[in-house]
Amino acid sequence: MKKFSASTLFLIIAVYSFSQIGIQTIPSVDVKSIDGKTVNTSTFSNDGKPFVINFWATWCTPCKRELSNIAEVYEDWVDETGVKLIAVSIDDTRSMARVAPFVNGKGWEYEVYIDPNSDLKRAMNVPNPPYTVLVDGNGKIVWQHTGYADGDEDELYEIIKKLVNGGTIK
Amino acid sequence: MKGTKIKKRIMQRLLLIISIVFIGSGLFAQQNFNAGSVSGNFKLEAQAYIPDSLIGADTVNEKMLSNSYMNVIYTNGNFTAGVRFEGYFNTMQGYDQPYDGFGLANRYATYQGDFIEVTGGNFYEQFGNGLIFRSYEDRDLGYDNAMDGMRVKFKPAKGVKLTGIIGNQRLYWEKGEGIVRGLDADISLNDFVPGFSESDHRLTIGGSFISKYQKDENPLYNLPENVGAGAGRLNYSLKGFSLASEYAYKSQDPSFDNRYIYKPGSAFLLNANYSRKGMGAMLQYKWVDNMSFRSDREETINNVLVNNLPAISKNHSYAYAAMYPYATQVNGEAGLQAELFYKFKKNSPIGGKYGTAVSTNISRVVDIERTAINDSTNIAAMGTDGYETSFLSMSDSLIYQDFNVEIYKKFSKKLKGVFTYQNLKYNQNVLEGHLGMVNAHTVIADVTIKIKPKHALRIEAQALFTGMETDTAGNDYRQDYGNWAMLLLEYTISPHWFFAVSDQYNIISFDDDVAKNTLHVNYEKTSLQRNHYYSVAMGYTKESTRISLSYGKQREGILCVGGVCRSVPAAYGALISISHTF
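Those protein sequence lines, which keep their order, are chains A and B.
So that you can map any letter, position 95 of the first sequence is 95 in my numbering, and since no number is skipped, the others follow by simple counting.
So that you can map any letter, position 383 of the second sequence is 383 in my numbering, and since no number is skipped, the others follow by simple counting.
Calculated directly from the structure, the hints in this document are not laboratory data.
In this text, a Cβ means the ideal position worked out from N, Cα and C, and glycines have one as well.
Be a bit skeptical, because a hint or two may be false.
[As the list claims (entries may be wrong)] For lysine-lysine, the following DSS-like pairs were computed, each having C-alpha atoms within a straight-line distance of at most 27 Å:
id	chain 1	residue 1	chain 2	residue 2
1	A	Lys162	A	Lys64
2	A	Lys64	B	Lys43
3	B	Lys215	B	Lys263
4	A	Lys121	B	Lys43
[Claimed, not checked] Residues from chain B that keep clear of chain A, each with C-beta distances beyond 10 Å, as calculated:
id	residue
5	Ala48
6	Ile73
7	Tyr505
Starting from the given sequences, assemble the full structure and let the hints guide the process.
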């Protein structure tokens, strides 16, 4: 498998030259809700308003900082813009049972799903959590961000407001 | 490998066909203004190494080593295809050497219809909790047991999902010898049974079967060429309560891991949790007996693992809490974990102005009870039936115990922190094959100060203390490496910059009698000295691009991400890392 033919490269160039570049919409992958339902990610929506998908894990310190910090302002975000945050945990079988008690123990109001074998993470080319994706009211991915530093949520919220007010992001 | 030439020709033909289909669909699609989209990601890491005999960082002949990968995914309607290139020039320290080189590591095509989904090529999949089958990858850990073959997913009725898989597993740039094939059925009774869909009681049942084939060429033993494994699971939830359980059984599978015993294996997993706003509780139980399962019975480490038995302990994220990480003992263990989460409300005596969140977690793992099959055979003697054990048996032999408390507290708009205490009992004899029990106490403070809008300083202070032991000569010594302390300062300017400095230090002095004994007893290295492991780092992030640079020393240890661990050797040098998602 180490050697690959020139046709592979050709294939990539060919596809690349005809197509739109960058992820456009959320891929269709089955994830689990914290009450055990199987949900397909293609059904993710927020009634025509933008929403945020945040990849996190119970073992990821910056992820927990980010979601805790957003939780403090989340009510205002929802009131002012109608935005919704979908938190996708990539905890696997080892720690997925911790997700529901952890989220409730923190009092987070997010919509939470679990991606136990990282299928969605892989389909969306997420390198490592935390990773944030902003989806507009039409289901189009307009912005992505890797990592978290305190205050990053302000930048995210500026972009959400711009989007809600009809501005273009991408 | 046999048949490589034929395989190569088939591969080339396949690629040619895929190319034609691609280009054809691309051209066709362009006329319809739907040419699909291309997305992907990329990561490159390179480290320059400086030898440092004091910390045990070896000379690297190449002076610089680099790992990189690039994923490209093409999507057009119901059709998805992807490739991943990987390059190791040469493989960075801490990863497995056979990765050296560059090539196409992964390629697949998937058609996704309403009732059926088919994938040809590489894929990742998990049946139930993974007790008998889990194909998974984590690039940062160098873990990849991708399947290479075919997968079909079929939804014949509402709430019913059937999955079939067949193929070989990835083994570096080759494929594992064994063939893995299996079936899984998952039935959501709420969707399947009419009139049950609105019920608060949610019930899902599932069953799976996996079989592997590997030729028997062993001169000593007559080994089973086909090994089968089955598992059944049940998930139930009612409002805030949820219960998940799975039982798995595997037919006799003599292997390097189980020292060639002819004994079936089994595993049982139970997860229960209850939560409502402001509180949560979790209980986890696991029992494992002789469940190592690889598609090549001779393989070791993380290679060609067919299943994944989750470790029953908290997956810590702070360095010292994770200094002695736990890994499942596939040959046998019984484990229990319990955790409580509670949030003291705002304006309550403990909650203070902003509320305080507390979690406490305990996990305990012991060996299973084994008895000899007869008077003349030792337990687990090679080539025998191994031993006898009863289902859910437990012995007194402690393998691992972790008790920890974490407190999240916000003091003011500008100041908040996470405080952790941990007591760990770690049986090095079982887990690493040397010495005895390590009893460690760890304290961690992680405080974030908001200096001004967008500027934050994070201070992370950690200390670990190991217990005292007395050797046969009557000398006292510290367990393992003894006591450690570290301090990390991280300054971030949102949304682009981060700067960090850190240092860690082996608190015990080499001149101490205690340390002399420790170092002598543990390592028999006479040149060891106490060392500073300092590091400076900076990084720049813009949207989905991240560039970071670091320079310093890294302590030898075990790095775990998700559920998988790898050992990292001591290193000194400069590291650059670039990643981008498009």
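Here's how the hints hold up against the structure:
Taking the CA atoms of Lys162 of chain A and Lys64 of chain A, the gap is near 26 Å; set against the 27 Å cutoff, the hint holds. With a CA separation close to 24 Å, the supplied pair Lys64 of chain A and Lys43 of chain B stays within the 27 Å bound. Taken as a hint, the Lys215 of chain B and Lys263 of chain B pair is honoured in the structure, with Cα atoms around 19 Å apart against an allowance of 27 Å. For the given pair, Lys121 of chain A sits about 15 Å from Lys43 of chain B by alpha-carbon distance, which is consistent with the 27 Å threshold.
Residue-level check passed: Ala48 of chain B sits 22 Å from the nearest beta carbon of chain A, beyond 10 Å. With a cut of 10 Å on Cβ distances, Ile73 of chain B falls inside the contact zone with chain A, its closest approach being about 7 Å. With a cut of 10 Å on Cβ distances, Tyr505 of chain B stays outside the contact zone with chain A, its closest approach being about 22 Å.
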